[in-house]
Structure formats: C-alpha cells, structure tokens
Amino acid sequence: MNQTTSTAQAPGDRVGPGGLDPSLLIACPTCDALQLDRPVPAGARARCHRCGTILMAPREGAMTRIVMLAATALVLMVAAVFFPFLELSAGGMVRRSSLLDAVLAFSSGLLLPLTFAVAALIIVLPVLRLASILYALAPMALGWHRARHGVAAFRLAEALRPWAMAEIFIVGVAVALVKVAGLARLGIGPAFWTFAALVLVTVLNDTYMCRLTVWKTLEERRRP
Amino acid sequence: MTSAQGNDGAQVLTARQAGLVGCHSCGRVHPMGTPRCSRCGAALHSRMPGSLQKVWAWLFAGIVVYVPANIYPMLLTTSFGATTENTIMGGAVELMHHGSYGVALIVFVASVLIPVGKFLAIGYLALVVDPGSRLGGRLRQGQDLHRRQRLFEVVEFIGRWSMIDVFVVAILSALVQLDFAATINPGIAAVSFSLSVAFTMLAALSFDPRLIWDAEQDLH
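Chain order of the listed sequences is Y and W. Just so we're aligned: the first sequence equals residues 505 to 728 in my numbering. Just so we're aligned: the second sequence equals residues 115 to 334 in my numbering.
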C-alpha cells in the first residue's frame, strides 16, 4: 500500500486570528494547535504540524471492514464464552473450565467485587463496545443516514476503549499455562482459539479505525 | 520527524490563543464558550477543568492501594494439605526457581516495573506541566515537549497491561481445583492490585495532554 505521510498545514498568516472560520479548521486533540482541515486521500496520513500526532488516516472501504470485523468479533465472543476454554488433567482427574469459570473464580467472600470487575473487563465491556460500534457504523457502511443514537453509541465505544481488556486476558492465559505446565497435563479447548481469533480481529479493527473520519462521516450523514 | 520538530515556534497558533476551543475527541473547532461539540457531543473545555488535581488524587489512591497489593498474598496454593501463600514478588521468585525465567520476567515487569514506572511517570508529568511547581519552568528545548508527549503515550498505552496478573490469578484459580493434589485460590491482594491498576488508568485518563504543549510559550 502506498502510504504517504503529509504534515497538516498551519493556518499561518493567510487568515488573521480575527477572521478564522471554525468549520475550516481542526484543533489537534493532543496539543491544541490549529490546522487547516483539508481532505486527506485514502491511504495517506495527516499528522499534526506541531506534535506529530496522527490526525487522520482514512482508508478505502474502512467503514465496511470495521463493521464486518466487529460482527465477526461478536460471533466469536459468544462461542468463546460458552465453549470449554482449557482442560487440565492430573492423576486421573480432569478439570474443564470455560471463560465463565475464570470469571467466577473470585466469587467467594471479600473477592466477590472482583468477579464483577473481571466479567466486565473481559466479557461485558468488549461486547458492549462491539455492539455500539456496529450500531453506529453499520448504517454508514451501507450508505444510510446515521442511526438515531449513532453519535452517542460511538462516543460510548470510544470511552470503553481502554477498559475492554480481552487481548490482555489472552496473554494472561498464556502466562497461566506456563505456570501450570509442570503441575498437570493441559489441553486447550476450542474457546481458547476463538478467543485468540477474537483478539486478533479486535486489534485489526482498531488499526483500521480512523476516529476523525468516523466522526466526520457521522456528521455528514445526519438526518435531514 | 524533522519537519514536525523544526516547526516548533512562532507560526503555531493554538485554538485557545485564537479564542476558539477544540474538541478533545473529534478535533472540531468551536467559538470559546460553546458547551458541547456539535459533531460528537462531547463536553468542550479549552483545558480539562481541574485536570491536575484529578491526576494527583487518582495517582495517590493508586499508590495507597498498591501497598497492600504487595504485602498480602495474591495466590493461595494448597497441595496435599499444606497451604503456601504467594505474594506478587514471591510468585515471580518462585517461577525463577522453577527455571521459567521468561515468565518470571513477564510477571515481574507487568506487576512491579510497570506499576512503579507508571507512578513515577505520571507524577513527573503532572509536576513538570504545572506552572506553579518549581520543576515547571525547566524547559530547555522543543525536543523536551516531544519527549514528554511520548512518555504520556507510553503510560496511556501500557497502563491496562498491568491487569495481566489479576487475570492469571483468575485463570489459575478456575483451573487448578484438583481436590487433594493441588488447589489454587485467589488472595486478597488481587482486589487491591486491580484497584491500583484502575486508579492509575483513571489518573492517566484525567491528564490533559494539551497541558504538555502549553509549556511551549515559555520557550520563546
């Protein structure tokens, strides 16, 4: 892919501070520097001229791809929750556990609040985030007007981004596997692989997503 | 890189200097005093109100709960009737004795180095951008701003990964329930450790990166 990186232009002396038209400008969310909001060709990236943060990186057909990936991730999530995740056997005893068992591990006494936290971090919030991305972006991918609460849904998806920790959980599983490896024989269930695929899909999705382009598209497709 | 850094200086006009306010989530520019962004609906603030106070509050909360996380056991392993308690450090040391240096390193990095590094980095950033503090004025060149920005990005990115240890405990205690041979149960430190991670994430989220760049004015 031909990727060019262009540095956004400062409004400079061409427009005096008195006569700035806000709709022609972008303020860098990271450093507050004003720059001219010019169209960025697909595949190129626009960087802030002051701090170098990537402002826009639109891609061809990104909306469709994001929606497809989010839908895939949701399906994988359902499979990952209900299929057996890992299997442990030692001395003739076999123990199967699903993702739900891992969540319920803290359900005794003082540790109970942690059950809710873990459930939220690895199941509820990722699902909620995927669902709101689908709700906000599916009409965009299909070329429709935006959904009634599309803006709120995408804002929710953005707010949830740091708190959806599915990919961290999968690395945790890898660490745990090494820890028990000496203790017993381990089998990896189908849910483990679906969850690993889910993580891959989510990471891909986040790299395709250019937030500013999404916001602009949502604004353009406002209901008349 | 050079073009971005060579530009430091006079021709940068910030939204605030122009009497405008930029949306922190979508970049849309509005006249100063607009309450909400017309594009994405986020509340508009030229700079997050009370950003530094919030950062300090969450940071101290994070440090306070990190103490019990290290003192109390994270894992209770029962094997043939005998229970051993493992703290965070103890777990890493034990892994090393078993010869799994790689995993011991992951655990040590994720649950000791990263949290402590994060406390230091957030504290440093909050001190350095505060014009009221003694450290605030020490900006020698524009390079420093990029360095601080990068530090902030690293802290923001890496913060969530400390949660790894809590997930490991959850998986181990779900999996290793082999009655007499071996059972693993979570210890109370898991709660305070996850609180510590959450609090430091909130500290990083409350930090307004635009404060880093406001120091540029002092440079000229």
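If you are wondering where the hints come from, they were derived from the structure by calculation, not from laboratory data. Hints are not guaranteed to be accurate.
[What the hints assert, rightly or not] Computed footprint of chain Y on chain W; a stretch qualifies when at least three of its residues, placed anywhere within it, have a C-beta under 8 Å from a C-beta of chain Y: (1) 164-170; (2) 173-180; (3) 259-267; (4) 276-282; (5) 313-325.
For each residue, glycine too, the CB sits at the ideal point set by N, CA and C.
Here is how each hint holds up against the structure:
Counting residues of the stretch 164-170 of chain W whose beta carbon lies closer than 8 Å to any beta carbon of chain Y gives 0, which falls short of the minimum of three for the stated coverage. By the rule of at least three residues with a Cβ nearer than 8 Å to a Cβ of chain Y, the coverage given for the stretch 173-180 of chain W is violated, with 0 such residues. Only residues whose C-beta sits within less than 8 Å of a C-beta in chain Y count toward coverage, and the stretch 259-267 of chain W has 3 of them, enough to reach three; the restraint holds. Counting residues of the stretch 276-282 of chain W whose C-beta lies closer than 8 Å to any C-beta of chain Y gives 6; at least three are required, and the coverage claim holds.
Here the stretch 313-325 of chain W counts 4 residues with a CB under 8 Å from a CB of chain Y, which clears the bar of 3, and the coverage holds.
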